[in-house]
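J.: If you want the building blocks of each chain, they are given just below.
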Amino acid sequence: MVSMAKFFLEFTVEESCGKCAPCRIGNKRLHELLGQICEGKGKLEDLDRLKNMSLVIKDTSLCGLGQTSPNPVLSMMENFREEYLAHVNDKKCPAGQCKSLMKYIINAENCVGCTACARVCPVNAITGERKEVHLINQEICIKCGACFEKCKFDAIYIS
Amino acid sequence: METVKLTIDNKEIEVPRGTTILKAAKELGIEIPTLCYMDLHDLNIENKPGGCRICVVEVQGRRNLAPTCSTKCEPGMVVKTHTARVLNARRTVMEFILSDHPKDCLICPKSGTCELQDMAHRLGIREIPGQEFAEMSTYRKDTSPSIIRDLDKCIMCRRCETMCNDVQTVGALSAFNRGFQAAVGPAFEQNLEYSSCTYCGQCVAVCPTGALTEVNHVPQVLKALNDPTKTVVVQTAPAVRAALGEEFGMEPGTLVTGKMTAALRALGFDYVFDTDFAADLTIMEEGTELLDRLSRHLKGDKTARIPILTSCCPGWVNFFEYYYSDMKDVPSTAKSPQQMFGAIAKSYFAEKIGINRKDMVVVSIMPCLAKKYECQRDEFSVDGNPDVDFSISTRELATFIKQANIDIRNLHDEEFDSPLGESTGAGVIFGNTGGVIEAACRTAYEIFTGKKLERLEFTELRGMEGVRSATLDFDGTPIKIGIAHGLGNARKLLDDVKNGKSEFTAIEVMACPGGCIGCGGQPLHHGNSDIIKARAAAIYTEDRKKPLRKSHENPFIIKLYEEFLGKPGSEKSHHLLHTHYFDRKDKILVKK
Ligand code: SF4
Ligand code: SF4
Ligand code: SF4
Ligand code: SF4
Ligand code: SF4
Ligand code: SF4
Ligand code: FES
Chain A
1 MVSMAKFFLE FTVEESCGKC APCRIGNKRL HELLGQICEG KGKLEDLDRL
51 KNMSLVIKDT SLCGLGQTSP NPVLSMMENF REEYLAHVND KKCPAGQCKS
101 LMKYIINAEN CVGCTACARV CPVNAITGER KEVHLINQEI CIKCGACFEK
151 CKFDAIYIS
Chain B
1001 METVKLTIDN KEIEVPRGTT ILKAAKELGI EIPTLCYMDL HDLNIENKPG
1051 GCRICVVEVQ GRRNLAPTCS TKCEPGMVVK THTARVLNAR RTVMEFILSD
1101 HPKDCLICPK SGTCELQDMA HRLGIREIPG QEFAEMSTYR KDTSPSIIRD
1151 LDKCIMCRRC ETMCNDVQTV GALSAFNRGF QAAVGPAFEQ NLEYSSCTYC
1201 GQCVAVCPTG ALTEVNHVPQ VLKALNDPTK TVVVQTAPAV RAALGEEFGM
1251 EPGTLVTGKM TAALRALGFD YVFDTDFAAD LTIMEEGTEL LDRLSRHLKG
1301 DKTARIPILT SCCPGWVNFF EYYYSDMKDV PSTAKSPQQM FGAIAKSYFA
1351 EKIGINRKDM VVVSIMPCLA KKYECQRDEF SVDGNPDVDF SISTRELATF
1401 IKQANIDIRN LHDEEFDSPL GESTGAGVIF GNTGGVIEAA CRTAYEIFTG
1451 KKLERLEFTE LRGMEGVRSA TLDFDGTPIK IGIAHGLGNA RKLLDDVKNG
1501 KSEFTAIEVM ACPGGCIGCG GQPLHHGNSD IIKARAAAIY TEDRKKPLRK
1551 SHENPFIIKL YEEFLGKPGS EKSHHLLHTH YFDRKDKILV KK
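Each protein sequence line maps, in turn, to chains A and B.
For the first sequence, counting from 1, position 104 maps to 104 in the working numbering; every step adds exactly one.
For the second sequence, counting from 1, position 138 maps to 1138 in the working numbering; every step adds exactly one.
These aren't lab readings, by the way, just hints derived from the structure by calculation.
No residue lacks a Cβ here, since even glycine has one placed at the ideal position from N, Cα and C.
Mixed in with the good hints there might be a few duds.
Each pair of labels, with its calculated beta carbon distance range [unchecked claim]:
{"#": "1", "chain 1": "A", "residue 1": "D48", "chain 2": "B", "residue 2": "R1017", "range": "41 to 49 angstroms"}
{"#": "2", "chain 1": "B", "residue 1": "R1178", "chain 2": "A", "residue 2": "V120", "range": "50 to 58 angstroms"}
{"#": "3", "chain 1": "B", "residue 1": "N1165", "chain 2": "A", "residue 2": "K41", "range": "38 to 46 angstroms"}
{"#": "4", "chain 1": "A", "residue 1": "T68", "chain 2": "B", "residue 2": "V1078", "range": "23 to 31 angstroms"}
Below, in silico cross-link-like pairs of lysine to aspartate or glutamate (EDC-like), each with a Cα-Cα straight-line distance of 16 angstroms or less [stated by the list, open to error]:
{"#": "5", "chain 1": "A", "residue 1": "K92", "chain 2": "A", "residue 2": "E39"}
{"#": "6", "chain 1": "B", "residue 1": "K1011", "chain 2": "B", "residue 2": "E1058"}
{"#": "7", "chain 1": "A", "residue 1": "K43", "chain 2": "B", "residue 2": "E1132"}
{"#": "8", "chain 1": "B", "residue 1": "K1546", "chain 2": "B", "residue 2": "E1415"}
{"#": "9", "chain 1": "A", "residue 1": "K41", "chain 2": "B", "residue 2": "E1132"}
{"#": "10", "chain 1": "A", "residue 1": "K103", "chain 2": "A", "residue 2": "E39"}
Some residues of chain B that are not near chain A, with every Cβ distance over 10 angstroms (derived) [to be verified]:
{"#": "11", "residue": "K1026"}
{"#": "12", "residue": "R1085"}
{"#": "13", "residue": "G1112"}
{"#": "14", "residue": "C1114"}
{"#": "15", "residue": "P1145"}
{"#": "16", "residue": "N1165"}
{"#": "17", "residue": "S1295"}
{"#": "18", "residue": "E1454"}
Can you build the whole structure from these sequences, using the hints too?
T.: Okay, here's the thing in C-alpha cells:
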C-alpha cells in the first residue's frame, strides 16, 4: 500500500502544472518521503510529517489537482496504519511491494535443484549445482521476482 | 458604492465590494504576509497569480484555506488570520519553497534586500525537514550584457512575467516546463541576449529573490581606479541622486547630490561630472532637430516626419529596434545623455586636459540596466575604445561606497567638477517621466518664438498616468505633446504613429514606469509605489533649486559649442552626438 500511494503521487508530480508552490514542491517532497519509507529509511516522526504535508497541500493548493493529490496517502495511512508502522518500525513491507524492504529466499526443504530459477535470473544471483539446494545472493538480487514466478516447487518465498 | 461587511480576527469592517481580504485586513492594521503578490497601484500594475500560497487564511465555512491576495470579501465572511491551522500551513508551505532553494544567502547579490530571506526570517524558519534527500530543481545560469538569470533562486512568483508581458509588452519572459521543473524565461529557452529583451530592467526591479540581478561591473571600475596610467571620469544620472540615500537608510525622496559627489571623490575618481550636463546637451541637439523637422513639416516638406520621438532611453531604443524597426527614421537621432557625455569626455575634455582617449576611463552611474548594454554597442566606440567604459547601477554604487568604508551620511556636500559637471534644472528633470519633453519645451519655446518663457514648469506634462498628452501654445502654434512611460504605454502611441493616425508633434518615451527614477538599477521599491513618487518629487525639488533652469542658458554648454562643436546640428555635432538605428530583430535571432 505504501508503494501504491507512492505510485499515485508519481502521477501527480508528473501532472502538476507548477503554478502553485504546495503542489509543485509539496507533492515532490511527499513522493520523496514515501520513497525513503519504502527503502526502510523512515523514522517514526516521518508519519506525522507525511500527514501534515498531505493536509497542507490539500488545504493550500490552487486547483483540484493539488487539493486531492495527497488523498491516497491520507486514506492509506488511515486504513493501513499498521502497514505504515511496519515499514517504519520493523523495516518490513507486509504487502511485499516495497522492494528494498523485501528478500527472495529459497526454502532448502522444498528446493529440488531443478536450476529453473538460476537460468531465469537476469543478474545471475542464484548459485547451486543441479539436484542440490540453490542459494540467492542478496547482494546481487534486484528483486525482479522472476525466480519466484518460475519455481514449480514453491521453494521460493518472500520475506 | 456598494459595500460588504465582514469580520477579520474578530474585528468588523466594511469595504467596497470587490476588495480583497488582504486589503481589508491591511485597513485593520493586520499585515498578512505575501510573497508573489505585488501591487504598484499608482502605476496600475498588479501581480496576483495566487502561486506562493503564503497569504492563506481560514474563512468560516470554507473547506480549504483562502489566499487573501486573490479572494474577495463577501458579506458576513468570518476570517481568521492566525489560527494554528493557518500558521502551520504557512510555515509548511514556506518550508516547501525553501526546500527547493539554494541556501546561498552569504554570497547572494540579493542578500539583505531579498523578500524570500525576509519572509524566512519573519516566519522564524530554523530548519527544513527532509532537506537531506530533497532534490532541487535546477536550470542553467544565463548572463547577458545587463542581466543575470539564476533560476535556481526563482520561486515562480511570476512578477517578472507580469512586468515583461503585461506592462512592457515585450514578451521576453514566459513560463515553460511543468510541475517541479517549471521555470520562467525567453521563448525556446533562449538566453536573454537572443530574445526580444530590451534590458529595461523592470523584471529585475520586482524580482523578490536573487533570480534576476544586474551584471556587476564594480570590479572593473576598481581596477581602473587603481591604474595610475588612467584618468577616471565619472558621470551620474539625474535619477541616482534621488534614490541613492535609500540604500543608506535615508527616507525615500532624500536628495543626496552633494554627498554622492563627495563619496565619488573619496572613491578616487579623478573628475566627478554630471550626466545632467549631457542632458542639457541632448536638449540642444534634440530640440534643434525637433524645431528643424517641425518647421520643414509646416512648410509642407514630406520628408520631415512628425512626430519626433525622444531617443534618450536605451531600453526604449531597443524596443523600437525590435518591434518597430520599419520606423527607424521617426525617433530623434540624438544619442542618450550617457553616450553624449562619453563622446564629449573622450574628445573635447580629453583634448582640454591633454590626454589620449585611450588613457581615459569613463564610468557612468545609472539607475538603468539598459545603459550597461548601450555602452557596449559597437557604434559607441572608436577603434574598439568605448565612449563609456563601464555603467554601474545606483545599487552597485551603494555597495561600492560601503565596501570602501565611506560613511556617506556624514560627508559634507561637495560640488561637481567643471566643466562637464555644470547643469541646469532642465537636465535634472530627465529622471522623471515627462521631464525630457518638459526640458525640451523650455528651450524649444524660446528658440521657436524668440520670446522669454514666463512659466517654466509645464505641470500639464507631469504626473504618473501611463499615457499623457497636452497641447502647448508656442505663440500661436499649437504643439501637441504625447508622453508614455512603460513600454506597453509606448506601444499604444507608436501604433498610431505607424498607422499615420498620430496627432502629436513630439512624443517622449521612457521604458520604465515613472521614468528613470523607477528603473531596475535603483534601490528596490519592493512594490511600494510611494517610493517612486517621493523620488519624482525630489527631482522636481532639485530643479527648483537650480539658478538656471533652461538648457540653452547653461554657460558651459554655450562654451562647448563656441570652442568645439560649432552649433547644434553641426557636422561635428552629428559625428559625435548623433547615432543611427538598427533592425535588432535581425541582429539577435542568432541561435544560442
Ligand atoms: S494545484 Fe493545480 S495549479 Fe497548483 S501546481 Fe498543482 S496543478 Fe498547478
Ligand atoms: S528475484 Fe530475480 S534477481 Fe533475485 S534471485 Fe530471483 S530471479 Fe534472480
Ligand atoms: S535569493 Fe534570497 S534567500 Fe535565496 S540565496 Fe539569495 S538572499 Fe538568500
Ligand atoms: S529587462 Fe525588461 S524586456 Fe528584458 S526580460 Fe526584463 S522586463 Fe523583459
Ligand atoms: S525570476 Fe524572480 S520575478 Fe521571475 S518568477 Fe522567478 S522569482 Fe519571480
Ligand atoms: S527609463 Fe531610464 S532607467 Fe529606464 S531604461 Fe530608460 S533610460 Fe534606463
Ligand atoms: S501572495 Fe497570495 S498566493 Fe502568493
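J.: Does each hint fit the structure? Answer for all of them.
T.: Now the hints, each set against the structure:
no. : hint                                 : result
1   : A/D48 x B/R1017: 41 to 49 angstroms  : 42 angstroms, holds
2   : B/R1178 x A/V120: 50 to 58 angstroms : 40 angstroms, violated
3   : B/N1165 x A/K41: 38 to 46 angstroms  : 44 angstroms, holds
4   : A/T68 x B/V1078: 23 to 31 angstroms  : 26 angstroms, holds
5   : A/K92 x A/E39                        : 9 angstroms, holds
6   : B/K1011 x B/E1058                    : 15 angstroms, holds
7   : A/K43 x B/E1132                      : 14 angstroms, holds
8   : B/K1546 x B/E1415                    : 13 angstroms, holds
9   : A/K41 x B/E1132                      : 12 angstroms, holds
10  : A/K103 x A/E39                       : 12 angstroms, holds
11  : K1026                                : 21 angstroms, holds
12  : R1085                                : 7 angstroms, violated
13  : G1112                                : 24 angstroms, holds
14  : C1114                                : 17 angstroms, holds
15  : P1145                                : 30 angstroms, holds
16  : N1165                                : 16 angstroms, holds
17  : S1295                                : 56 angstroms, holds
18  : E1454                                : 57 angstroms, holds
Comparing the model with each earlier hint shows violations of hints 2 and 12; every other hint is respected.
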